[in-house]
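A.B. asks: What follows is the residue order along each chain.
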Amino acid sequence: MYKLFAAFRKEWLILIRDPAGLIVLFLMPMVMVVVLSMVQEFGWSTISKEPQVPVLFVNCDNDSVGNKFQQGLSEAKIFTLITQFDSIPLTKETARQKVLDGSYQIAVVIPEQTSERLRAKIRLLVNKTMTSLMMPNQDILAGVTNNDSVEILIYFDPAVRNSFRNAFLSATKEFNSRIESRIIFETFQEELRKLFPKFNMPIIDYQQSVYFTEIFPSGVKEELLPSTTQHNVPSWAIFAMFFIVIPLTSSIIKEREEGSLIRLMTIPVSYMTIFMAKVGVYLLVCFIQFGLMVLAGIYLLPVFNMPSLEVGSNYFAIAVLAIVSSLAALGYGILIGTLSKTHQQAAAFGAVSIVILAAMGGLWVPVYLMGGIMKHIATFSPLNWAHTGFLDLFLRGKTILDILPEVGKLFAFFAVTISIAAIYRKLKPPIST
Amino acid sequence: MTEEAIIGIRDLTKYYKGAEVPAIDHISLDIFKDEIFGLLGPNGAGKTTTISVLSGLFPPTKGEVTIDGLDIRSDHDRIKYIIGVVPQEVALYPTLTGLENLQFFGNMYGLKGKILKERIDEYLVRFGLEKFARKIVSNYSGGMKRRVNLIAGLLHKPKVLFLDEPTVGIDVQSRNVILEFLRELRETGTTIIYTSHYMEEAEKLCTRVAIIDSGKIIAIGNPKILLEENPEFKNLENLFLGLTGKDLRD
Chain D
1 MYKLFAAFRK
11 EWLILIRDPA
21 GLIVLFLMPM
31 VMVVVLSMVQ
41 EFGWSTISKE
51 PQVPVLFVNC
61 DNDSVGNKFQ
71 QGLSEAKIFT
81 LITQFDSIPL
91 TKETARQKVL
101 DGSYQIAVVI
111 PEQTSERLRA
121 KIRLLVNKTM
131 TSLMMPNQDI
141 LAGVTNNDSV
151 EILIYFDPAV
161 RNSFRNAFLS
171 ATKEFNSRIE
181 SRIIFETFQE
191 ELRKLFPKFN
201 MPIIDYQQSV
211 YFTEIFPSGV
221 KEELLPSTTQ
231 HNVPSWAIFA
241 MFFIVIPLTS
251 SIIKEREEGS
261 LIRLMTIPVS
271 YMTIFMAKVG
281 VYLLVCFIQF
291 GLMVLAGIYL
301 LPVFNMPSLE
311 VGSNYFAIAV
321 LAIVSSLAAL
331 GYGILIGTLS
341 KTHQQAAAFG
351 AVSIVILAAM
361 GGLWVPVYLM
371 GGIMKHIATF
381 SPLNWAHTGF
391 LDLFLRGKTI
401 LDILPEVGKL
411 FAFFAVTISI
421 AAIYRKLKPP
431 IST
Chain A
1001 MTEEAIIGIR
1011 DLTKYYKGAE
1021 VPAIDHISLD
1031 IFKDEIFGLL
1041 GPNGAGKTTT
1051 ISVLSGLFPP
1061 TKGEVTIDGL
1071 DIRSDHDRIK
1081 YIIGVVPQEV
1091 ALYPTLTGLE
1101 NLQFFGNMYG
1111 LKGKILKERI
1121 DEYLVRFGLE
1131 KFARKIVSNY
1141 SGGMKRRVNL
1151 IAGLLHKPKV
1161 LFLDEPTVGI
1171 DVQSRNVILE
1181 FLRELRETGT
1191 TIIYTSHYME
1201 EAEKLCTRVA
1211 IIDSGKIIAI
1221 GNPKILLEEN
1231 PEFKNLENLF
1241 LGLTGKDLRD
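Respectively, the protein sequence lines represent chains D and A. Sequential numbering of the first sequence, starting at 1, is according to this note's numbering. Sequential numbering of the second sequence, starting at 1001, is according to this note's numbering.
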């Protein structure tokens, strides 16, 4: 055991004798978590205090449909409607041109007589219904000059993401449904009043009947809404922890290049002791990194008007998961450092493989949004195991028992990678043979 | 000198991966206790390969090696306790102090506490490094690094000490201190296997030398006796050049 302590002391002394390296190790992950969380929060969020997306709006209708669309889009708080440039009202052609040249991503054009055409179509519908009830009313068809289709034009920039495009179309279809429903209700009401004047029916205002309530079942805190912070901070914290691979592989290769490893091969000490000493020191580094990133999520993000990270109260489970996640990263780093012959090989492979594992593991695109085989592949990424565990603790209020599968997998990954590294080193000494 | 062979080498052969010609070609020799045995040879002769095999860095392709009765293949871990290796490259941690390096390597040999401290202090004084022990190694001169490099292989008082070009690239004073120390070490019963390009050094220091070329031993014996047997050569360097040739070996 004292050999392990001696090796740990050696690694610790080497680490702390590089103050610039230490600052980078601890400061950069915090900066990364804050910056990337901010980028994702302000770039992707659809819940925002200020309108984010400018929409060109051309209301040639100037009647109920056009006006209600304009009112509805303005009240949505997601869009900023632009109806004129330099006090000149937009036209269909100018709006189309601005989307074509990429200045704006969306333009909505309500053509002339849209409301009139809609009312005509509804009157025809009401007439058919009344006729079927043996109450035809030819007056309702007065003024119905055509029953051409009612078309609202929406121009999209091809660069607009599908997800946003679909969200916008859903919103406009919802407005349209409400407008149509209201007009249908009002038209029917009007006809019934005409048919039965004796009843002196009151004018009833159309109101939406069904409302949607969002519920996020969470044992962490009542009414805890999952913000981008809750997703981003664990994602980027795990990503940063796995980047410990870079300094760790550098330490291993440097020891080989400086000749110290050659000397160690002639000394009665096992590779496992040498590796575990590195694991011990860098585990401390990872744990401190994780702690700093969580603190950044809790205290620093609100300074930039972002929601604070909620971690719940299961600190023991969080600590256990942080430790095994770190161990998984360290085992991987030791394996890469052992297999790589040069710093360039280790740095390039280490960095790129972490990015791949992060992408595979759902740190950027959630796993549930992935298709087919990718969903299955995601389950093989240790970053996915760590991410799932942290989300379970932060968002779903789960306990240490619930995350035992993830803890087990991460520890097993560490055990396997470090064992492979030790066996490889024993069988293939780090000198040309 | 006793007749007890502490190192027995029989038909030692080593092929590097992909090589058609062996780096060590069927070498057999005995090295006796208390000897300072010099392995001399031009570049690529097989000196470092021989030392590497004997010190257990990699196994031989063929042949048998025993050190103090222990087989190098099956008893490798036990052998590590009785051998010390001073590699050709300075194998120290540059950001640690000389003292920290020695404490670490001493701990790896199983030494600790008072015993380790006393040995480190003894060697630091012996090699004139006591004032520099707490300075980091990257600030040492070449001679100082070589001296610490040597001490790191001696702390556990090995029975056999392998030195691969221990005095290359250092000042005369440092070289002198090292060579004097090796003579004293021999007197304590340590067997020393030593490679060098410095023929004059080998002639003065070694009790026996083996001249290796292309993986084979082409001459072996006490330097004085070898020169007596080859009177046309005035010194070991001339003998060496006479046996291996004057062509450059790259």
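Hints may be right or wrong, so weigh each one.
Stated by the list, open to error - In silico DSS-like links for lysine-lysine, alpha-carbon gap of 25 Å or less:
no. : chain 1 : residue 1 : chain 2 : residue 2
1   : A       : 1135      : D       : 3
2   : A       : 1112      : D       : 3
3   : D       : 3         : A       : 1234
4   : D       : 254       : A       : 1135
5   : A       : 1117      : D       : 3
Just so you know, these hints were derived from the structure itself, not from any lab.
A.B. asks: Which numbered hints turn out to be false for this structure?
C.D. replies: Number 3 only.
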